[in-house]
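Please work from the sequences and hints to get the whole structure.
There are 2 protein chains.
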Amino acid sequence: MSKSLPKRSENYSEWYNELVKRADLAENSAVRGCMVIKPYGYSIWEKMQRALDDMFKETGHENAYFPLFVPKSLFEAEEKNAEGFAKECAVVTHYRLKNNPDKPGKLMVDPEAKLEEELIVRPTSEAIIWSTYKNWIQSYRDLPLLINQWANVVRWEMRTRLFLRTAEFLWQEGHTAHASQEEAIEETEKMIEVYATFAEQFMAVPVVRGRKSANERFAGAEETYCIEAMMQDGRALQAGTSHFLGQNFAKAFDVKFLSKENKQDYVWGTSWGVSTRLMGALIMAHSDDEGLILPPKLAPIQVVIVPIFKGEEQLVQITEVINPIVAALKKRGISVKFDTSDKQSPGFKFAQYELKGVPVRLAIGARDLGNGTVEIARRDTKVKATYPIDSVIDTVTNLLEDIQTNIYQRAIDFRASHTFKVDTWEEFMTIIESEELGFISAHWDGTPETEEKIKELTKATIRCIPLNAVEEEGTCILTGKPSGRRVVFAKAY
Amino acid sequence: MSKSLPKRSENYSEWYNELVKRADLAENSAVRGCMVIKPYGYSIWEKMQRALDDMFKETGHENAYFPLFVPKSLFEAEEKNAEGFAKECAVVTHYRLKNNPDKPGKLMVDPEAKLEEELIVRPTSEAIIWSTYKNWIQSYRDLPLLINQWANVVRWEMRTRLFLRTAEFLWQEGHTAHASQEEAIEETEKMIEVYATFAEQFMAVPVVRGRKSANERFAGAEETYCIEAMMQDGRALQAGTSHFLGQNFAKAFDVKFLSKENKQDYVWGTSWGVSTRLMGALIMAHSDDEGLILPPKLAPIQVVIVPIFKGEEQLVQITEVINPIVAALKKRGISVKFDTSDKQSPGFKFAQYELKGVPVRLAIGARDLGNGTVEIARRDTKVKATYPIDSVIDTVTNLLEDIQTNIYQRAIDFRASHTFKVDTWEEFMTIIESEELGFISAHWDGTPETEEKIKELTKATIRCIPLNAVEEEGTCILTGKPSGRRVVFAKAY
Chain A
1 MSKSLPKRSE NYSEWYNELV KRADLAENSA VRGCMVIKPY GYSIWEKMQR ALDDMFKETG
61 HENAYFPLFV PKSLFEAEEK NAEGFAKECA VVTHYRLKNN PDKPGKLMVD PEAKLEEELI
121 VRPTSEAIIW STYKNWIQSY RDLPLLINQW ANVVRWEMRT RLFLRTAEFL WQEGHTAHAS
181 QEEAIEETEK MIEVYATFAE QFMAVPVVRG RKSANERFAG AEETYCIEAM MQDGRALQAG
241 TSHFLGQNFA KAFDVKFLSK ENKQDYVWGT SWGVSTRLMG ALIMAHSDDE GLILPPKLAP
301 IQVVIVPIFK GEEQLVQITE VINPIVAALK KRGISVKFDT SDKQSPGFKF AQYELKGVPV
361 RLAIGARDLG NGTVEIARRD TKVKATYPID SVIDTVTNLL EDIQTNIYQR AIDFRASHTF
421 KVDTWEEFMT IIESEELGFI SAHWDGTPET EEKIKELTKA TIRCIPLNAV EEEGTCILTG
481 KPSGRRVVFA KAY
Chain B
1 MSKSLPKRSE NYSEWYNELV KRADLAENSA VRGCMVIKPY GYSIWEKMQR ALDDMFKETG
61 HENAYFPLFV PKSLFEAEEK NAEGFAKECA VVTHYRLKNN PDKPGKLMVD PEAKLEEELI
121 VRPTSEAIIW STYKNWIQSY RDLPLLINQW ANVVRWEMRT RLFLRTAEFL WQEGHTAHAS
181 QEEAIEETEK MIEVYATFAE QFMAVPVVRG RKSANERFAG AEETYCIEAM MQDGRALQAG
241 TSHFLGQNFA KAFDVKFLSK ENKQDYVWGT SWGVSTRLMG ALIMAHSDDE GLILPPKLAP
301 IQVVIVPIFK GEEQLVQITE VINPIVAALK KRGISVKFDT SDKQSPGFKF AQYELKGVPV
361 RLAIGARDLG NGTVEIARRD TKVKATYPID SVIDTVTNLL EDIQTNIYQR AIDFRASHTF
421 KVDTWEEFMT IIESEELGFI SAHWDGTPET EEKIKELTKA TIRCIPLNAV EEEGTCILTG
481 KPSGRRVVFA KAY
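If you read the sequences in order, they're chains A and B.
Under the working numbering, the first residue of the first sequence carries the number 1, and numbering increases by one thereafter.
Under the working numbering, the first residue of the second sequence carries the number 1, and numbering increases by one thereafter.
Just so you know, not all the hints are guaranteed correct.
Pairs count within a copy or across copies, as identical chains cannot be separated in the list.
Below 27 Å or equal to it, Euclidean Cα-Cα: the simulated DSSO-like pairs (lysine-lysine) are [as the list claims (entries may be wrong)]: (1) Lys356 / Lys331; (2) Lys106 / Lys256; (3) Lys7 / Lys349; (4) Lys47 / Lys297; (5) Lys459 / Lys57; (6) Lys343 / Lys310; (7) Lys382 / Lys47; (8) Lys310 / Lys80; (9) Lys260 / Lys343; (10) Lys251 / Lys98; (11) Lys57 / Lys47; (12) Lys47 / Lys481; (13) Lys453 / Lys491; (14) Lys87 / Lys106; (15) Lys87 / Lys114; (16) Lys98 / Lys80; (17) Lys349 / Lys260; (18) Lys114 / Lys103; (19) Lys337 / Lys356; (20) Lys330 / Lys297; (21) Lys3 / Lys103; (22) Lys57 / Lys343; (23) Lys3 / Lys106; (24) Lys57 / Lys356; (25) Lys57 / Lys297; (26) Lys256 / Lys343.
By construction, these hints were calculated from the structure, which means they are not laboratory data.
For clarity, every value in this text was computed on a predicted model and none was experimentally measured.
Written out as structure tokens, the structure is:
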């Protein structure tokens, strides 16, 4: 707490890393690339989980749990999927340790306990789940099968960053099976819209809904939908994906069903997921040089009350006034912390709760008591004002709604001022080489080669082909070849 | 559904296995020893999680998340703990697959991607967590540290059974750190009482609270508390454990704190956990030859309403009457399913919901409509009766409470009639060789040798030294040596 955070304008990346640690969200662990999610960070994740889980259930999905391990023979069954993940798989090869005869008290892998078939720690669960679905699906009556799983997955990434890219991460993965292509596509689109709604209404992060180019598709998918959010450094962050799997996994695992017309056909599939990466998006979309700014809907503590007192007697007087306020706020479903600790000064506490992004702070001292007032500060704008005590409940309730709306609007405005319609390569390069960055809406000739070339030249990638893109004749920003619609380019996390 | 379940009296074990599968709770997976928890089973687990999580939070604990993997060097740091789990560890040795040059389209472990240090898939998380706590704890101000984690763990068991013993299972593990021995012991005892309360009040399963003998202690603990439940075959099932770790892990990981008295001392620890094994206890404690019997507090569907109708018109009439009932029940927080499907006969549905343990079933047909009545059946006793429609809401509400109480009382009565105070080896053997089995309260001389010998001779183990055991002079059932209190023996899962 003694040192202030690095400034975003000076070193955005360092600011992020430090903020994640100092706000007690997460830290690196003794295991390369794996993080510890600390209680405060985890409590935000729990709120995300709860909201998402409710949305999944409202759209007819049920939770289930499938094994952590995938036998290698199943893993490799869908070849594209296997190829996509093979280079980052943690592999279990043995099932026992034994005492190391050369080093008393130390253990070694028991060479006699080698598995006949290696087990892959799931990087994603299509393989194990579709091998199970084979037994669950016989007829159209068994469809659609709408299942979600909350789980940990492992992808052996070489360069990791807390929340954004870790070897192990937490996520949910939906895996659905359908009787027709249309229905599967409808599900894929429905779930990307669920994610977009969650990002916008809970995280207060506006997102572009779109489809990935063929290059960026999920390995094994026919089509990948995504939502892309803009961070405060102008970079894009992919915040969720929803895949139309066609019949790829059904064919790989021989999952057929008897249709209403009494014909055998392969099942159509989807999968979709969001992960603890959302934590990174949440942090980077709103926070400032003083610390986190959390949307009230996801803040573990929505209101903190800091008494300013000398001696027990003053605290008792303040407590008498505050207790009914705490009770009334809780009754409205608002989470409140009344921090009566005398180990830290009010100023220290103010900074601490700012760092942790608590949306609303009340401060009340002896003089306020006499005046019948409270000082209320909002975290997003840092505006402070004095209110009569008897208006506090409504003021706080309204403020929380206001903050949720305000930070969303701020993010929308930021994105608008960092989104550029570009028609020449020169303009494109100017933006991509500037510090501000942003989303570039430009024409592309639709070929993987051009996409690759642009990535090589600029490190910018096609984030998505927006779902609401208008048909528009144009010419590719790089090659000058004809294009039918603009796509979104950006540098990305 | 066509075949009925095996009878408990004929083959209890087969009955259990079949019930788990037919009630759609879980099934074996393609991975040896790992289960798939199906949606219906998982929804019961979710209810357990929610109730337990609330209890943990009420007692001051916070959730966090620690890595799945434990580097071997950390794993072996607490030697007793390491030794206890070494023989059942899944070990990750490689982090990449590559194309198999000999088998096109197939993958192989890339020998060049061998980890410098092997990673153990956590069988329990003391090691990784205490290595983290080292950085979190400096002074008494950082204590107590009260953290819980919901996670998957892996123990490579050779003989597995759905829910009861699986290579991977889901659980929660609490890990707390304290400034004094007294406080750590108090926490250990508090949490075993939380588990006991959950088992009795939510699962409706009475449990014996006790301490384990030294032989049966958790590897690395100074004392292990447990709760032991009796299944309908008279066997014991350990349903939860809470460990006082002393300073063992603090010493192994060098976790010290500065006390109020300004002295450096090692921290005192506890850990405690319950797992998906509770699902096995829940199933075996109450269910009958027709299927599951679920306590209303954990039943995903508490009330099912089955309309008996011919043609759309009758269904419309019934629906008009039923819709307000569904709404009123939901308003009371009761989960209701109104099953209007016409694909299955009412009789088929009745059997199906019996199999799945839905506590209350309403049936209503055209004649009931005329009479203004509904037939209500309770799952636990199978008693059916006809009630006026306008009394349904209160009747159902009362019935749910009644069923919760009744199955708990039934389990208490069963346990009482299968608990035997025994003073001679002959009596002991008679019970242990009978089919009914049960808990045997008998004297033991307190030595591991005698405990081992009794296990060898009878397969019965000391389940626990009950917390409420009275001081009582007696002689050991096997050796005749003096004993100060009775312990509980049983054959166990």
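So, going through the hints one by one against the coordinates:
1. For the homomeric pair Lys356 and Lys331, the shortest alpha-carbon distance inside one copy (24 Å) is at most 27 Å, but the shortest distance between copies (37 Å) is not.
2. Taking the shortest Cα distances, Lys106 and Lys256 sit within 27 Å of each other only across copies (24 Å), while inside one copy they are farther apart (51 Å).
3. Taking the closest pair of Cα atoms, Lys7 and Lys349 come within 27 Å of each other only inside a single copy of the chain (21 Å); across copies the shortest separation is 64 Å, beyond that limit.
4. Taking the shortest alpha-carbon separations for Lys47 and Lys297, both the intra-copy value of 8 Å and the inter-copy value of 24 Å come in at or below 27 Å.
5. In this assembly of identical chains, the alpha carbons of Lys459 and Lys57 never lie at most 27 Å apart, being 39 Å within a copy and 46 Å across copies at closest.
6. Taking CA atoms no more than 27 Å apart as the test, Lys343 paired with Lys310 passes inside one copy only; the shortest distance there is 12 Å, against 73 Å between copies.
7. Taking the shortest Cα distances, Lys382 and Lys47 sit within 27 Å of each other inside one copy (24 Å), while across copies they are farther apart (41 Å).
8. Taking the shortest alpha-carbon separations for Lys310 and Lys80, neither the intra-copy value of 68 Å nor the inter-copy value of 51 Å comes in at or below 27 Å.
9. When the C-alpha separation of Lys260 and Lys343 is checked against a cutoff of 27 Å, the pair qualifies only between copies, where the shortest distance is 14 Å, while the shortest distance within a copy is 71 Å.
10. Taking CA atoms no more than 27 Å apart as the test, Lys251 paired with Lys98 passes between copies only; the shortest distance there is 23 Å, against 42 Å inside one copy.
11. For a Cα distance limit of 27 Å, the shortest separation of Lys57 from Lys47 qualifies both inside one copy, at 16 Å, and across copies, at 14 Å.
12. For the identical chains of this complex, Lys47 and Lys481 are neighbours neither inside a copy (47 Å) nor across copies (58 Å), given an alpha-carbon limit of 27 Å.
13. For the homomeric pair Lys453 and Lys491, the shortest alpha-carbon distance inside one copy (14 Å) is at most 27 Å, but the shortest distance between copies (70 Å) is not.
14. In this assembly of identical chains, Lys87 and Lys106 lie within 27 Å of each other by CA distance solely across copies; the values are 13 Å between and 31 Å within a copy.
15. Within a single copy, Lys87 and Lys114 get their C-alpha atoms as close as 22 Å, and across copies as close as 13 Å, so both meet the 27 Å cut-off.
16. When the C-alpha separation of Lys98 and Lys80 is checked against a cutoff of 27 Å, the pair qualifies only between copies, where the shortest distance is 13 Å, while the shortest distance within a copy is 38 Å.
17. In this assembly of identical chains, Lys349 and Lys260 lie within 27 Å of each other by CA distance solely across copies; the values are 23 Å between and 65 Å within a copy.
18. For a Cα distance limit of 27 Å, the shortest separation of Lys114 from Lys103 qualifies both inside one copy, at 21 Å, and across copies, at 21 Å.
19. Taking the closest pair of Cα atoms, Lys337 and Lys356 come within 27 Å of each other only inside a single copy of the chain (13 Å); across copies the shortest separation is 43 Å, beyond that limit.
20. Within a single copy, Lys330 and Lys297 get their C-alpha atoms as close as 14 Å, and across copies as close as 25 Å, so both meet the 27 Å cut-off.
21. Proximity of Lys3 to Lys103 under the C-alpha cut-off of 27 Å is found in neither arrangement, the shortest distances being 45 Å within a copy and 58 Å between copies.
22. In this homomeric assembly, Lys57 and Lys343 come within 27 Å of each other (Cα to Cα) only across copies, at 24 Å, whereas the closest approach inside a single copy is 45 Å.
23. Proximity of Lys3 and Lys106 under a CA criterion of 27 Å is satisfied in neither setting, with 41 Å inside one chain copy and 53 Å between copies.
24. Taking the shortest Cα distances, Lys57 and Lys356 sit within 27 Å of each other only across copies (20 Å), while inside one copy they are farther apart (31 Å).
25. In this assembly of identical chains, the alpha carbons of Lys57 and Lys297 lie at most 27 Å apart whether taken from the same copy (19 Å) or from different copies (20 Å).
26. Taking identical chains as interchangeable, the C-alpha atoms of Lys256 and Lys343 lie at most 27 Å apart only when they sit on different chains, with a minimum of 22 Å there against 66 Å within one chain.
The structure shown violates the earlier hints numbered 5, 8, 12, 21, 23.
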